[in-house]
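**Student:** Residue strings, one per chain:
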Amino acid sequence: MTDMKRDDVTGNGSAGDEVALHAAELGKRYGRRWALSGCDLAIPAGSVTALVGPNGAGKSTLLNLAAGLARPTAGSIRVLGLDPDREAAALLPRLGFVAQDHPLYGQLSVAETLTLGRKLNPGWDGALAEGRIRQIGLDPEQKVRKLSGGQQAQLALVLALGKRPDLLLLDEPLAALDPVARREAMGVLMDTVADAAETGRVATVVLSSHNVGDIERVCDHLVIVNGGRVIAAGPLDGFRDGHRRLVGPRATEREIAALGERAEIVRATHTDRQTTVLLRGPSPLGAPLAGDQWAEQPVPFEDVVIEYLSLGRDPVASDCREVA
Amino acid sequence: MWWLTLRLQRAELILLIALAIGITIPFVLTADQARLVQEQYAPRGFTEATCPGDWVTFPNGDSGCQWVPDHLYQVVDAWKMGLLGLPIAVAILLAIPVVMQLQLRTYRVAWTQSLTRGRWIVTHLALILVVGLAVTGGMILLMRWWPQDSFQYRWGPEGIDLPGIVNVGWFVFAVGLVLVLATVLRRPLIALVLAAVGFSVIRTGWTEIIRPRLIPPREETTAATGFLDQPGA
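Just so you know, the sequences run in chain order A and B. Residues 1 to 324 (our numbering) make up the first sequence, in order. Residues 1001 to 1233 (our numbering) make up the second sequence, in order.
The set of hints was computed from the structure by calculation and includes no laboratory data. Just so you know, even glycine gets a beta-carbon here, dropped at the ideal spot from N, CA and C.
If you anchor each label on the Cβ, the simulated ranges turn out as follows:
id, chain 1, residue 1, chain 2, residue 2, range
1, B, W1002, A, A175, 33 to 43 Å
2, A, V247, B, L1189, 55 to 65 Å
3, A, R33, B, R1144, 54 to 64 Å
4, B, L1013, A, E184, 32 to 42 Å
Build the full structure now, drawing on both the sequences and the hints.
**Tutor:** Here is the structure:
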């Protein structure tokens, strides 16, 4: 994504004026493979932002770079205005992170894991953490290694939340949870942001997820990553409400180009007899596509996301889109 | 961070303390016997080696060589083998929690709390070194306390430097070897086995090949007296 301005991402500005995470030409290479390249991104403070992309798209790499667990190969990243690598001591107390495999020390008990949180974090909120443990129904004396995958994920989330972080980075934290627990955990994330606002703080959540339903319910911003690049980014409303699909007889390249002058074409696909165009912006129906043969359809949010993800497979169309 | 480090090392520390106690007890129990050997033996200017090899004895008054309890020799020989392997054993035992964190990538739990990576590694290394140096250093002190003058010849070339500070140096080397292999290989079992084998090869190579070229062996001839009076000699 090039030349992204903060306002492009913050949209209507409801998410706040500050940027919680800013990446510029960020790249990370493992051996010969670029896991992330040319990533420009600005995530507004106070937002609940979803990172969406297929497996291996670069989401985890981006989050690991933000958490200071990896160093960039190219470009730069600043989190809460700080360099995660060089200013880790100042950043870490303000940062919560749950990795995809939610690592925990298996030999510790649940209670000892909370003690770990208290000992290692000056801003530890013991009441919040213990309350959440009771709510989940975990036995404090149980060894972590004996917990189920879902319970371990919940405990990892509690460890991150107990820090009362200004920025919470979650790498597919809810994948191991059952639907009820997932819904509950999503509620906790929203409460985190709301509670912070009540106390005059600004809390930001960045989570990667494959579950579009959860994202639509909880998040207010969306970043789509594919092939190691940021394909599109912006407020979720812009993705959900700003797109439409035109379906009609096979159109020529000239007709598609003419359409592109009046609305932004996200993606056009053709069969022998039919053309389907996903576009963003107000309805452009009229010449040269006017006619009864063309139909305009609303596009479900999930379809919009999938269409954007499909862009990543097409190198010609893989430049980043800013969705306002 | 100390709380977490001690908690993660708890099992290994208990095992190490048990090991140290297990090594110490035989020496405490045999110290009086060893002192008796030394007191009756050293003033006559004999060296224990002057008694026949399999007929292990020490001079006692006018009756010539007397039997030295075999277990003293067993203890000393076991001690030698134990001390030769002690640095790598202690290094492996203390490094296991760090190695397992590298393997399971659970270090990320600590690294994403309000704790820098620098503090994490410094605390772990500090604990490993302090405990390891205490154990290896403690063994040296134990060795110096135990009346071992009459048994020194049993150290042989490979253990001649054991009463000195050299074992502490070998321990520091062993810790470095274990951690480097574990970091590079990311396979704890393979790393620990390779470290043990590598340490043995390097230490043996140093003792058998390199050291004799740096410091020529000292030759000493001692008159064989005393044991000739032994019945049957």
